[in-house]
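**Q** Take the sequences, apply the hints, and build the full model.
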Amino acid sequence: MTVEEKLKTSGLSLPPAPMPVGAYVPAVLAGKLLFTSGQLPLQDGVLRYSGKIGVDLTEKEGCEAARLCAINALAAAGSVVELSRLKRVLKVTGYVNCLPEFTAHAKVINGASELLAPLFSGGHARAAVGVASLPLGAAVELEMIIEIE
Amino acid sequence: MTVEEKLKTSGLSLPPAPMPVGAYVPAVLAGKLLFTSGQLPLQDGVLRYSGKIGVDLTEKEGCEAARLCAINALAAAGSVVELSRLKRVLKVTGYVNCLPEFTAHAKVINGASELLAPLFSGGHARAAVGVASLPLGAAVELEMIIEIE
Amino acid sequence: MTVEEKLKTSGLSLPPAPMPVGAYVPAVLAGKLLFTSGQLPLQDGVLRYSGKIGVDLTEKEGCEAARLCAINALAAAGSVVELSRLKRVLKVTGYVNCLPEFTAHAKVINGASELLAPLFSGGHARAAVGVASLPLGAAVELEMIIEIE
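Residue numbers (this note's numbering), protein chains in the order written: chain A, 1 to 149; chain B, 150 to 298; chain C, 299 to 447.
One should not assume that every hint holds.
As the list claims (entries may be wrong) - Examples of chain B residues toward chain C, derived with CB under 10 angstroms:
| id | residue |
| --- | --- |
| 1 | Y173 |
| 2 | P175 |
| 3 | L183 |
| 4 | G203 |
| 5 | K236 |
| 6 | T242 |
| 7 | E292 |
Said to hold, decoys possible - Quick list of simulated restraints, FRET-style, between CB atoms:
| id | chain 1 | residue 1 | chain 2 | residue 2 | range |
| --- | --- | --- | --- | --- | --- |
| 8 | B | T151 | A | G122 | 33 to 41 angstroms |
| 9 | C | E447 | A | T9 | 36 to 44 angstroms |
| 10 | B | E231 | A | E101 | 34 to 42 angstroms |
Keep in mind that the hints were calculated from the coordinates and are not lab data. All residues carry an ideal CB built from backbone N, CA and C; glycine is no exception.
**A** Listed below in structure tokens is the structure:
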């Protein structure tokens with residue numbers, strides 16, 4: 001099954017790639033590597049999860065925010081190549097908007113990783129870090145490097 | 150026009166690549182990908198923009214800092230390949246030194262993106278995040294992945 | 299000498315790749331590029347350096363934390379390719395857990411760069427930033443992109 005078919009099987013369909021919030025593009029392709037822009041938890045053009053995880057949002061909501069960012073990253077990828085050409089997510093970088101005391105970044109970004117796991121074989125490398133703040137006050141920002149067939 | 154010619158047309162000339170502030174090099178080339186180190190808003194060896202954007206510096210100054218980082222990133226690239234070989238900036242990552250309440254990261258990093266837009270066709274992917282602090286107290290740090298001909 | 303031989307000469311042997319703390323893998327290989335996951339200063343499965351550098355830990359301890367992260371990143375790389383195939387570390391990104399006033403990120407991440415310098419010729423690009431917090435409360439997180447023969 002292609003990624004597109006697997007998404008359908010999971011009852012998921014990708015939205016249009018979110019509009020960039022600045023002077024850049026959603027994703028670029030160079031050879032077999034696709035780089036997405038940092039994706040925010042936007043849904044239908046509205047920021048669905050904002051604020052600091054652990055204060056304004058629970059870890060579970062943070063997880064949902066990360067999942068939504070991952071969906072948007074796949075949509076961004078789909079804006080430059082056919083989804084059937086996505087071979088593997090190589091790297092996910094997840095930025096968590098949180099306080100200096102926060103330590104559950106891995107749980108939050110698992111919201112993205114667990115969406116991706118059944119879609120691609122082989123697993124992805126990942127970094128998750130806690131940041132002071134994010135564009136528009138988003139709770140999570142997430143970017144991917146994807147291998148293309 | 151090559152990037153170099155476009156820079157000249159814009160009245161811009163690249164400075165020498167800034168000296169790294171640690172045990173690393175300004176940029177490396179691997180196949181068709183060039184990775185720059187994180188660039189600070191240094192000018193003639195002096196940190197031109199320091200402190201937190203929104204507190205010590207205005208958004209407009211943050212924008213200028215991001216633009217200066219982008220110029221330094223191109224200079225760093227030029228230290229390992231001829232500028233005429235720069236095909237496209239694939240990805241920009243911009244780190245903004247700011248408070249937890251800050252939300253205008255996109256406007257700040259647009260200072261870099263708007264410098265790049267007329268120099269390369271096709272646009273670049275981008276992530277912008279707010280960080281707790283940066284080396285030397287810099288206001289912005291910015292790195293690029295560039296495709297080489 | 300290969301990286302493995304150089305490590306032995308330095309009296310260093312790599313531990314097994316640390317277990318990921320979430321739903322991802324230690325490293326992935328795509329063509330000639332290897333991406334490691336963000337590595338924490340874990341030793342024998344225990345977080346050896348936690349807290350904020352400049353508050354809970356000295357800069358020197360931060361340096362040791364960065365060095366340990368770099369060892370773990372090489373171990374992560376070694377979990378997907380023979381170490382003898384590591385040609386060059388292209389890029390290091392170091393995240394430093396610290397307060398908004400901290401400015402000595404470069405010194406901290408030099409702990410990683412100075413470990414790498416004698417192992418690979420040509421030097422690496424690097425970014426070092428200060429973050430609000432890191433997974434498990436780690437003092438440093440570090441990731442690498444490595445060129446493979």
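**Q** Hints first: check each against the structure and report whether it holds.
**A** Structure-based check of all given hints:
Among the interface hints, the one on B/Y173 holds; its C-beta lies about 4 angstroms from the nearest C-beta in chain C, closer than the 10 angstroms criterion. A least Cβ separation of about 7 angstroms between B/P175 and chain C falls short of the 10 angstroms threshold, and the interface hint therefore holds. The interface hint given for B/L183 is met, as the beta carbon of that residue sits about 9 angstroms from the closest beta carbon of chain C, less than 10 angstroms. Taken as an interface hint, B/G203 does not check out: its beta carbon lies about 12 angstroms from the nearest beta carbon of chain C, beyond 10 angstroms.
Interface restraint check: B/K236 against chain C, minimum CB-CB distance 18 angstroms, threshold 10 angstroms, status violated. Taking 10 angstroms as the C-beta contact cut-off toward chain C, the hint placing B/T242 at the interface holds, the least distance being around 8 angstroms. Residue-level restraint check for B/E292 holds (minimum Cβ-Cβ distance to chain C is 5 angstroms; threshold 10 angstroms). Taking 33 to 41 angstroms as the suggested C-beta distance range, the pair B/T151 and A/G122 conforms, at roughly 39 angstroms.
Between C/E447 and A/T9 the beta carbons are some 39 angstroms apart, a value that agrees with the proposed interval 36 to 44 angstroms. For B/E231 and A/E101, the Cβ-Cβ distance of about 49 angstroms falls outside the hinted range of 34 to 42 angstroms, so the restraint is violated.
Violated hints for the displayed structure, listed by number in ascending order: 4, 5, 10.
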